[in-house]
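Asks: Work out the full structure: start from the sequences and follow the hints.
Chains as they are written, first to last, in numbering that gives the first Met the number 0: chain P, 0 to 436; chain U, 0 to 436; chain Y, 0 to 436; chain E, 0 to 436.
Be aware that a few hints might be false.
As the list claims (entries may be wrong) - Simulated crosslink set (DSSO-like; lysine-lysine; CA at most 27 Å straight-line):
hint, chain 1, residue 1, chain 2, residue 2
1, Y, Lys118, E, Lys339
2, U, Lys187, U, Lys160
3, P, Lys330, U, Lys118
4, U, Lys274, Y, Lys24
5, E, Lys24, P, Lys274
6, Y, Lys274, U, Lys24
7, U, Lys330, P, Lys330
8, Y, Lys330, E, Lys323
9, E, Lys340, Y, Lys118
10, P, Lys340, U, Lys118
11, U, Lys340, P, Lys118
12, E, Lys323, Y, Lys339
13, U, Lys408, Y, Lys24
14, Y, Lys323, E, Lys323
15, E, Lys274, P, Lys19
16, E, Lys118, E, Lys187
17, P, Lys118, U, Lys339
18, U, Lys330, P, Lys118
19, U, Lys323, P, Lys339
20, Y, Lys408, U, Lys19
21, P, Lys332, U, Lys323
22, P, Lys118, U, Lys332
23, U, Lys24, Y, Lys408
24, U, Lys332, P, Lys330
25, U, Lys330, P, Lys332
26, Y, Lys332, E, Lys323
27, P, Lys339, U, Lys118
28, P, Lys323, U, Lys323
29, E, Lys330, Y, Lys332
30, E, Lys274, P, Lys24
31, U, Lys274, Y, Lys19
Rather than coming from a laboratory, the hints here were simulated on the basis of the structure.
4 protein chains.
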Amino acid sequence: MEFGIRNLGECRHISPLLEKFLSPKSVFVSDSRKVLYNPEFDGGHSPAIDFTHSFELAGPREKIYFDPARVNCGIVTCGGLCPGLNDVIRSIVMQSYYRYGVRSITGIRYGYNGLNPNKAIEPVMLTPQLVRNIHTMGGTMLGSSRGGTEDIGLLVDTLEKWKINILYTIGGDGTLRGAKEIAEVARKRGLDLAVVGIPKTIDNDISFIDRSFGYQTAVAEAVHSIYAAHVEAEGAPNGIGLVKLMGRYSGFIAASTTLAMNDVNFCLIPEVPLKLDAFFSALEDRILRRGHAVICAAEGVGQDLLDNTSNKAARDASNNVVFKDIGVFLKTKINEYFDKKGIEINLKYIDPSYIIRSAPSCPMDAIFCAQLGQYAVHAGMAGKTDIVIGRWNNMFTHVPIELAISQRKFVDINSLFWNNVIEATGQPVSWDTDLTR
Amino acid sequence: MEFGIRNLGECRHISPLLEKFLSPKSVFVSDSRKVLYNPEFDGGHSPAIDFTHSFELAGPREKIYFDPARVNCGIVTCGGLCPGLNDVIRSIVMQSYYRYGVRSITGIRYGYNGLNPNKAIEPVMLTPQLVRNIHTMGGTMLGSSRGGTEDIGLLVDTLEKWKINILYTIGGDGTLRGAKEIAEVARKRGLDLAVVGIPKTIDNDISFIDRSFGYQTAVAEAVHSIYAAHVEAEGAPNGIGLVKLMGRYSGFIAASTTLAMNDVNFCLIPEVPLKLDAFFSALEDRILRRGHAVICAAEGVGQDLLDNTSNKAARDASNNVVFKDIGVFLKTKINEYFDKKGIEINLKYIDPSYIIRSAPSCPMDAIFCAQLGQYAVHAGMAGKTDIVIGRWNNMFTHVPIELAISQRKFVDINSLFWNNVIEATGQPVSWDTDLTR
Amino acid sequence: MEFGIRNLGECRHISPLLEKFLSPKSVFVSDSRKVLYNPEFDGGHSPAIDFTHSFELAGPREKIYFDPARVNCGIVTCGGLCPGLNDVIRSIVMQSYYRYGVRSITGIRYGYNGLNPNKAIEPVMLTPQLVRNIHTMGGTMLGSSRGGTEDIGLLVDTLEKWKINILYTIGGDGTLRGAKEIAEVARKRGLDLAVVGIPKTIDNDISFIDRSFGYQTAVAEAVHSIYAAHVEAEGAPNGIGLVKLMGRYSGFIAASTTLAMNDVNFCLIPEVPLKLDAFFSALEDRILRRGHAVICAAEGVGQDLLDNTSNKAARDASNNVVFKDIGVFLKTKINEYFDKKGIEINLKYIDPSYIIRSAPSCPMDAIFCAQLGQYAVHAGMAGKTDIVIGRWNNMFTHVPIELAISQRKFVDINSLFWNNVIEATGQPVSWDTDLTR
Amino acid sequence: MEFGIRNLGECRHISPLLEKFLSPKSVFVSDSRKVLYNPEFDGGHSPAIDFTHSFELAGPREKIYFDPARVNCGIVTCGGLCPGLNDVIRSIVMQSYYRYGVRSITGIRYGYNGLNPNKAIEPVMLTPQLVRNIHTMGGTMLGSSRGGTEDIGLLVDTLEKWKINILYTIGGDGTLRGAKEIAEVARKRGLDLAVVGIPKTIDNDISFIDRSFGYQTAVAEAVHSIYAAHVEAEGAPNGIGLVKLMGRYSGFIAASTTLAMNDVNFCLIPEVPLKLDAFFSALEDRILRRGHAVICAAEGVGQDLLDNTSNKAARDASNNVVFKDIGVFLKTKINEYFDKKGIEINLKYIDPSYIIRSAPSCPMDAIFCAQLGQYAVHAGMAGKTDIVIGRWNNMFTHVPIELAISQRKFVDINSLFWNNVIEATGQPVSWDTDLTR
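Replies: The structure is reproduced here in structure tokens:
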């Protein structure tokens with residue numbers, strides 16, 4: 000997999016930041032600065048480090064590609080809501096305007112659809128005045144939408160028409176794939192267009208990136224639902240609180256929320272295949288012993304159980320698989336199970352997804368989003384393209400889009416992290432009865 | 000309707016509170032002190048006040064009926080969770096123990112079922128130590144359940160066996176009806192049993208009572224969901240945020256939350272009959288004009304629309320009508336409507352009920368619950384029975400159970416209060432197109 | 000004391016609200032509708048009600064005094080910050096604009112000083128667009144200041160110059176006194192000026208009014224400081240947490256916060272004279288027995304102890320007595336006391352005043368403020384003057400300014416309410432050792 | 000500086016964790032596994048990595064030093080409160096008890112003083128039952144105190160008497176220095192005692208460690224005070240909001256809070272020497288231009304300005320320099336400055352320190368604290384001593400105490416991070432007028 004970064008061309012303009020730093024030399028970053036992909040080694044053997052896998056460091060360049068006085072920027076937010084979107088938008092605008100002196104920043108509305116001439120969605124010109132307070136609100140002031148990437152050429156037509164030189168795309172997998180295609184079409188057309196992505200995944204499931212924005216806020220919000228489920232479970236005879244949290248392929252939110260609260264008895268994540276028999280049996284055991292139980296299920300768990308008749312999954316406009324509702328499914332099946340057993344239970348099902356994802360960013364995400372926006376602008380002004388802004392070993396990095404979307408990040412079920420969850424819940428290591436000890 | 004209060008008998012014991020007050024005379028309340036039911040009058044005509052409708056004031060009596068050293072108390076919480084249950088339990092225990100010197104306080108678990116000998120649910124003896132911190136948690140430490148009133152005699156058997164003299168019942172309509180029956184059976188059996196209710200209705204729909212505990216907390220929690228719905232609605236093209244809030248027969252929570260937030264465009268409550276055609280037409284108009292909308296629906300609205308085939312409604316164990324889910328219904332129907340019209344919308348449905356009702360009490364409810372518990376103990380120790388503790392014109396009162404459950408409190412749709420909601424949302428006055436202006 | 004209301008003149012204009020209500024007749028309020036000052040009576044004697052003391056009901060009048068198309072309104076906020084100020088401003092603007100059709104609403108900046116021509120503070124024209132979201136922020140968008148009432152004539156000059164017909168003044172004692180003087184000067188000059196006050200006192204100490212806005216929010220915020228004081232006190236050997244809360248003459252915030260939290264051991268309010276010897280002795284006793292203590296002191300307590308040399312108290316620009324800092328005083332004296340005794344303590348002093356008063360309104364205050372603003376506009380448009388909007392027995396009322404400021408509301412230390420505090424803390428009934436039992 | 004770790008002796012016991020993991024081999028960590036101190040390199044030159052500076056990885060060892068059935072553990076919390084203390088205590092107890100099967104865990108009360116036989120402070124035996132819910136509360140259930148390290152021998156006497164084999168010390172600089180001395184004395188006496196520190200510094204100023212627990216919670220709490228200061232500043236003519244935050248030598252909390260809020264105009268940290276003239280001049284300029292200002296000052300800033308007469312600073316029982324109150328100093332001096340200039344200002348000073356440090360941990364700190372406790376137990380059971388648990392490049396590490404306390408971590412004022420603060424506030428780069436541009 001390629002870690003190298005594409006540049007639009009030679010950087011000929013002196014950065015206007017030069018005069019803003021106390022010690023500019025120590026702040027500017029050259030393209031040759033890297034951070035190792037893997038800083039861990041075994042000192043017992045002759046230690047060997049793999050230098051071929053490393054990320055280019057992000058940060059301001061002493062010379063930049065675009066002339067701030069002439070460059071036109073565009074910002075687009077795509078896909079589902081995620082805490083921090085407004086923070087990133089605000090940061091890009093403030094950084095571009097006040098530090099680089101950019102005056103033309105176009106806000107593209109409702110995702111890629113806002114670039115589709117057939118949709119005729121008016122863009123909004125972004126100014127510091129307009130974005131000053133948006134970070135105190137959840138959601139995205141630009142609006143968002145799924146899809147819109149069916150005809151990339153059309154989108155590039157609009158970018159060309161609007162003379163956009165730097166496109167900041169904030170979105171997930173599908174969005175980044177679209178961003179990559181836009182960069183490619185632009186290159187073929189010979190356009191002077193840098194495409195810089197800020198990866199958005201509330202699930203925290205992008206590889207080669209320590210942490211994605213909005214994820215910490217999501218965990219902080221999710222604890223309220225686990226609290227409610229716990230209170231409800233204890234408040235009724237054989238009470239069961241069932242919470243569905245985000246996590247399509249990766250259970251980081253469910254696992255972290257479980258660790259943060261210590262009240263969950265069963266944490267179900269996509270990485271651990273769910274066997275209903277084993278799970279129901281463990282649940283019954285818990286109910287009989289303790290009289291209540293709390294279940295925290297990531298939305299992506301048990302998708303194989305939901306429908307085994309059609310072998311082609313539905314997809315939404317972003318080409319994401321449309322997930323069937325594991326929460327409603329589990330609620331129904333658990334009730335059926337105990338009904339059959341003649342055990343009266345009181346199951347309360349909570350689905351807080353929209354409450355979570357529409358929350359304003361927590362302070363740590365607010366800072367992180369502000370930084371992501373700033374590094375994105377440094378990258379864009381330097382003519383970096385086809386990249387996303389990453390974070391690795393607490394440093395901000397440039398990651399090729401292709402690398403970023405090449406594989407997902409999963410919860411390693413052999414890690415101490417997941418083992419902590421197992422210990423916190425007391426649940427079996429696996430639902431595969433052969434493996435369970 | 001009768002406003003008079005039944006007493007178990009003559010009060011012969013000097014209240015142990017006598018020596019605890021700085022000026023006891025000014026604190027003790029005699030049975031003859033009343034507060035007018037209706038303090039409003041028209042000064043233009045010869046003013047006339049109706050003295051026959053007034054409430055007995057609650058408060059400590061100088062002489063009490065029960066001997067604190069010998070009295071046995073019981074506490075039971077019934078029905079769905081409501082913020083403040085633990086506060087009331089704690090207050091009854093603390094007040095009984097520390098102010099009256101009562102040493103025997105039985106916590107009956109899981110509602111009236113905890114009194115059913117066939118269920119064999121062990122009670123818990125309540126002490127200050129045990130309840131000291133429960134008010135910081137939502138829910139009820141005793142557990143709750145619906146129903147259990149099928150055979151009142153069985154329940155009274157247990158009360159007799161446990162020698163309970165004062166039964167504090169915290170619950171809604173069905174619970175209070177059960178409490179009344181228990182009081183009657185006890186009277187017939189010649190038992191020395193006072194039954195004192197603390198009315199619990201998160202919907203705030205009990206008549207003859209200003210405000211019920213948990214209601215303010217519910218509104219304070221509900222605003223988070225309206226916030227989320229608003230952010231989601233603005234974040235997508237033709238976004239619609241739909242929130243279902245509590246309110247089976249009365250829309251106080253939905254109406255107050257709407258007033259507190261100013262972001263709702265349609266507030267649907269049971270008191271205003273819902274006509275889908277008129278509503279959808281207004282919704283479409285809003286979407287076409289503004290591109291997004293927020294709907295706040297009380298759970299009891301539109302029940303007539305949900306099913307017109309079966310003319311007998313299902314009932315739960317508390318004999319409450321089982322409501323069909325208007326939220327899911329509206330979500331489906333709205334999507335169908337716009338689908339048929341060829342208008343693409345993005346509807347996000349939020350059901351925060353369990354998160355709301357399991358919240359710990361807000362500070363004002365915490366104080367209110369503490370007072371309700373204290374006044375309940377004053378009433379119980381004085382041998383008042385078949386009553387609930389009420390609040391009227393900012394004074395605490397004794398209200399006969401029969402009166403309290405004789406009629407519901409509704410949002411008056413001719414009031415300024417509801418008119419404020421109409422103005423805040425901009426919605427039509429009525430869905431009946433003949434009445435709408 | 001006079002309960003009668005002054006009207007500017009005959010109401011000749013049909014209210015534009017007439018066509019907005021479903022049943023206007025049931026919503027409009029005539030001037031003859033009243034609510035009793037005292038709805039309590041003793042049924043044992045021949046009940047007698049005092050009809051001479053009653054409040055005129057607030058609400059929309061069918062005929063109004065001012066022509067909405069020509070009326071000019073002004074809004075001013077004075078004195079210290081209080082949660083809900085922006086809610087009231089917003090409500091007055093929205094109500095005036097959308098319901099009555101008023102188009103001229105002047106926002107006077109920085110209190111009465113904004114009317115002083117010598118200060119040359121530009122006013123701001125208020126529109127729905129400008130105030131739409133201000134209720135989500137604490138503070139006041141108009142700014143506030145103390146004083147400015149030295150020369151009332153100057154202020155009326157400006158009102159005359161700006162052709163203001165209705166002046167909405169939001170402020171406390173001093174502000175209302177100023178409002179009264181403005182109304183009088185205007186009357187003498189024959190100006191068509193209605194002066195309508197919305198009483199602002201976070202201390203909740205205005206008589207003839209159930210509750211003042213911001214007070215519930217203040218209690219809700221204050222609990223965080225008591226929590227912190229409790230944690231600090233338990234976290235150190237002989238830890239003492241000392242919190243100073245608002246309450247210049249009346250201890251409602253301190254008392255209510257104490258009741259809401261149950262962690263306070265000493266609640267000190269101005270209504271109970273503080274004797275240091277008795278207090279320190281009780282505190283020492285608590286420390287020796289339990290190893291920690293929490294003290295909640297209203298700012299107005301013990302002012303007599305602070306300085307007995309100068310017999311003339313300092314006053315600020317609003318002519319309020321400048322309070323000496325009882326918090327710092329107690330911190331010093333307590334440390335000295337235990338130092339002298341050779342007992343090592345760890346005292347942590349918390350002063351959360353600015354954090355509390357700058358908070359956005361809690362949902363219940365948000366609703367209350369919105370209503371206050373609406374009733375103020377009904378009153379102003381009807382030509383009521385020299386009044387404040389009150390609340391009594393859950394109804395909104397008109398109260399003559401003179402009556403409202405004629406006496407303060409205090410915590411009745413012979414009430415059950417204060418007795419509850421005594422019981423919650425375990426502190427002595429009084430610091431006067433002769434009275435203590 | 001030495002990165003090597005001291006072990007008490009050979010590990011002969013099979014870890015009881017062996018049978019708890021799905022794939023034990025992938026979870027256990029050998030002593031030879033390391034993480035590089037510096038994973039950054041310059042790819043332009045021949046890249047060279049310094050393997051001599053690396054941290055030993057923390058984690059469970061396959062063989063352990065202590066026999067779980069016989070080992071006696073002790074936990075002590077020292078110094079000021081910090082969010083997460085209870086989380087760490089709980090985690091150590093749960094991990095020791097449930098995963099390693101340890102049954103003897105002594106809670107030492109009130110810091111090192113709890114080990115001083117002369118103080119006669121009874122310890123408390125810790126069990127899962129006792130600590131189950133403590134993580135929901137701020138503070139430390141063990142109590143804390145400063146100092147107590149005057150006679151290390153006495154403390155070791157007690158440890159010896161109580162037969163403690165692993166001492167977990169949670170505290171800051173002074174505490175860790177004490178821990179180091181305890182380890183040394185124990186070694187000289189030939190005791191089988193492992194001393195494992197969990198570094199506690201709300202200021203986040205420990206070197207060789209990415210992040211310290213409680214720091215994120217502190218920032219999350221601090222934003223409320225900045226909010227209040229901002230509202231107060233805007234609410235009065237020439238309003239100035241002044242907030243003092245924690246940060247004795249390092250301004251991380253002040254800087255991060257400034258970045259998270261975007262409302263601060265002057266962020267004053269110890270790393271940037273404060274010159275009053277330059278600062279007041281910039282403040283005056285801001286006030287004249289904008290009419291309000293918000294100042295966020297770390298407690299350690301400007302200490303040189305407070306007192307230049309005595310050249311020996313006072314020290315508290317932990318041998319920390321007692322800081323003079325820069326907040327009160329600035330409040331006084333700013334008022335004096337503007338008074339002299341004849342400019343009327345309204346300065347509101349907020350000191351939220353105790354409210355911040357007594358808060359319960361935020362979810363991310365809750366998880367982090369739980370992990371710190373777990374890794375500490377892994378280390379202790381493996382016989383690691385004289386170390387603290389660190390975190391580096393998102394991995395948990397063993398750091399020699401001596402290294403951890405050898406130097407402080409400061410805000411690098413030449414970094415992008417600090418530059419972001421400069422840009423967010425608009426303040427000068429430096430108060431040294433020669434350097435300012």
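Asks: Decide, hint by hint, whether the structure agrees.
Replies: Results for each hint:
A distance of roughly 20 Å separates the Cα atoms of Lys118 (chain Y) and Lys339 (chain E); the hinted pair therefore holds under the 27 Å criterion. Proposed proximity of Lys187 (chain U) and Lys160 (chain U) is supported: the alpha carbons are some 16 Å apart, at most 27 Å. Distance check on the hinted pair: Lys330 (chain P) and Lys118 (chain U) sit about 26 Å apart at the alpha-carbon level, within 27 Å; holds. Straight-line distance between C-alpha atoms of Lys274 (chain U) and Lys24 (chain Y) comes to about 25 Å, which keeps the hinted pair within the 27 Å bound.
The hinted pair formed by Lys24 (chain E) and Lys274 (chain P) meets the criterion: a straight-line CA distance of about 25 Å does not exceed 27 Å. Straight-line distance between C-alpha atoms of Lys274 (chain Y) and Lys24 (chain U) comes to about 25 Å, which keeps the hinted pair within the 27 Å bound. Taking the CA atoms of Lys330 (chain U) and Lys330 (chain P), the gap is about 20 Å. The hint holds against a cut of 27 Å. About 17 Å separates the Cα atoms of Lys330 (chain Y) and Lys323 (chain E), which keeps this hinted pair within 27 Å; it holds.
For a cut-off of 27 Å, the pair hint linking Lys340 (chain E) to Lys118 (chain Y) stands: about 18 Å separates their Cα positions. For the hint pairing Lys340 (chain P) with Lys118 (chain U), the CA-to-CA distance comes to about 18 Å; that is within 27 Å, so the pair holds. Of the supplied pair hints, the one linking Lys340 (chain U) and Lys118 (chain P) holds, its CA atoms being roughly 18 Å apart against a limit of 27 Å. Restraint check for Lys323 (chain E) and Lys339 (chain Y): satisfied, since their Cα atoms lie roughly 24 Å apart, inside the 27 Å limit.
For the hint pairing Lys408 (chain U) with Lys24 (chain Y), the CA-to-CA distance comes to about 21 Å; that is within 27 Å, so the pair holds. Between Lys323 (chain Y) and Lys323 (chain E) the CA atoms are separated by roughly 22 Å; this keeps the pair inside 27 Å, and the hint holds. Proposed proximity of Lys274 (chain E) and Lys19 (chain P) is supported: the alpha carbons are some 20 Å apart, at most 27 Å. At most 27 Å may separate the alpha-carbon atoms for a hinted pair to count; Lys118 (chain E) and Lys187 (chain E) meet this at roughly 25 Å.
A distance of roughly 20 Å separates the Cα atoms of Lys118 (chain P) and Lys339 (chain U); the hinted pair therefore holds under the 27 Å criterion. Among the hinted pairs, Lys330 (chain U) with Lys118 (chain P) is consistent with the structure: their alpha-carbon atoms are about 26 Å apart, no more than 27 Å. Simply put, Lys323 (chain U) and Lys339 (chain P) have alpha-carbon atoms about 24 Å apart, close enough for the 27 Å limit, and the pair holds. Distance restraint check for Lys408 (chain Y) and Lys19 (chain U): the Cα-Cα separation of roughly 25 Å lies within the 27 Å cut-off, and the hinted pair is therefore satisfied.
Pair hint Lys332 (chain P) plus Lys323 (chain U) holds up; C-alpha atoms about 20 Å apart against a cutoff of 27 Å. This hinted pair checks out: Lys118 (chain P) and Lys332 (chain U) have alpha carbons roughly 26 Å apart, not beyond 27 Å. For a cut-off of 27 Å, the pair hint linking Lys24 (chain U) to Lys408 (chain Y) stands: about 21 Å separates their Cα positions. At most 27 Å may separate the alpha-carbon atoms for a hinted pair to count; Lys332 (chain U) and Lys330 (chain P) meet this at roughly 23 Å.
Among the hinted pairs, Lys330 (chain U) with Lys332 (chain P) is consistent with the structure: their alpha-carbon atoms are about 23 Å apart, no more than 27 Å. As the CA atoms of Lys332 (chain Y) and Lys323 (chain E) are separated by approximately 20 Å, the hinted pair is consistent with the 27 Å bound. Proximity of Lys339 (chain P) to Lys118 (chain U) is assessed by CA-CA distance (about 20 Å); at most 27 Å being required, the pair is judged to hold. The hinted pair formed by Lys323 (chain P) and Lys323 (chain U) meets the criterion: a straight-line CA distance of about 22 Å does not exceed 27 Å.
The straight-line distance between the Cα atoms of Lys330 (chain E) and Lys332 (chain Y) is roughly 23 Å, inside the 27 Å bound, and the hint therefore holds. The straight-line distance between the Cα atoms of Lys274 (chain E) and Lys24 (chain P) is roughly 25 Å, inside the 27 Å bound, and the hint therefore holds. Taking the CA atoms of Lys274 (chain U) and Lys19 (chain Y), the gap is about 20 Å. The hint holds against a cut of 27 Å.
Every hint, counting from the list given before, is met by this structure.
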